[in-house]
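Protein chains: 2
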Amino acid sequence: MSFVVKGLLRSYNVDEKGDEHMNMFSWEGWWTSDMSSFFSGEKAVFSIDAIENSELLIITLADFEEMTLKVPVMDRYFRLLFQNSLITKERRLISSVTDAAEEKYVRLMEYSPQIIQRIPQNLIASYLGITPETLSRIKKKITLRK
Amino acid sequence: MSFVVKGLLRSYNVDEKGDEHMNMFSWEGWWTSDMSSFFSGEKAVFSIDAIENSELLIITLADFEEMTLKVPVMDRYFRLLFQNSLITKERRLISSVTDAAEEKYVRLMEYSPQIIQRIPQNLIASYLGITPETLSRIKKKITLRK
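As you go down the protein sequences, you meet chains A and B in turn. Going by our numbering, the first residue of the first sequence is number 1, and it counts up by one from there. Going by our numbering, the first residue of the second sequence is number 1, and it counts up by one from there.
Treat the hints with caution; some may be incorrect.
Given that identical chains are not distinguished, each listed pair holds provided it fits within a single copy or across any two copies.
Below are the DSS-like pairs computed for lysine-lysine, each with C-alpha atoms no more than 27 Å apart in a straight line [what the hints assert, rightly or not]: (1) Lys-17 <-> Lys-141; (2) Lys-70 <-> Lys-139; (3) Lys-139 <-> Lys-89; (4) Lys-89 <-> Lys-43; (5) Lys-6 <-> Lys-140; (6) Lys-17 <-> Lys-89; (7) Lys-17 <-> Lys-139; (8) Lys-70 <-> Lys-141; (9) Lys-89 <-> Lys-146.
Quick caveat, the hints were computed from the structure, so don't treat them as lab data.
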């Protein structure tokens, strides 16, 4: 598992057709990993790319477990981290099945303004599961309304 | 947030067209809640129904916070719980976008055999985002292969 000291990364998976599906973005102060692979030792399904030049601190599972046993407050820290991550994932899952493209973008502005500010447009579109053209049309529409 | 002492529940959301989208199942030993609403106090987006007669222990956010502060090992317990829940959600999200219907069912058999054994067929179909007819066809095909 990696802690982002500096920079910006994305994790995504690639299906059999070669299409990419965005999982999450990580920047300063966040952790990134293929969680399932990190904790189970199974083969990773997510790929992780640096979008900007990045500096990472990497921890092994053995060290992670030793750390939480020796410093119990780290369990609290990761409990809160995983809790927030779970809430974000649930919101995104709901939004992906129930919202139209424009609502997806509006929700992203509301809950993850940092993504809007920092991530390249084509990756935001991919994260929302819409085309870059649709995203550009939505942004124009929102700007005109202001 | 509720701890399931006995029984079986499902959480789901309903979109504007009135279509239901399954979020998760919970049975003995699991917790269920609209996580986002529980921790933020915002309006819940998930509905929770009992599928079988159920007995629940309910904790308020104030009690939950007092408990984790007084009994730090509860942070470890919930860290592990949220961690596993996050892994399940990531797997499901990947499976939903990259797998064909049959693969979705095979993965569910592999990772959540309890769901296959205990949940009514129509709800398994809804959980996988396929029709009950497709599910029935897949099950027949798998039985024939054995």
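Against the structure, the hints:
1. Lys-17 <-> Lys-141: between (33 Å within a copy, 24 Å between copies)
2. Lys-70 <-> Lys-139: This pair counts as neither: shortest intra-copy Cα distance 49 Å, inter-copy 48 Å.
3. Lys-139 <-> Lys-89: within (23 Å within a copy, 30 Å between copies)
4. Lys-89 <-> Lys-43: both (22 Å within a copy, 17 Å between copies)
5. Lys-6 <-> Lys-140: neither (32 Å within a copy, 52 Å between copies)
6. Lys-17 <-> Lys-89: both (24 Å within a copy, 22 Å between copies)
7. Lys-17 <-> Lys-139: Between copies only: 25 Å across, 30 Å inside.
8. Lys-70 <-> Lys-141: neither (53 Å within a copy, 51 Å between copies)
9. Lys-89 <-> Lys-146: Neither: 29 Å inside a copy, 36 Å across copies.
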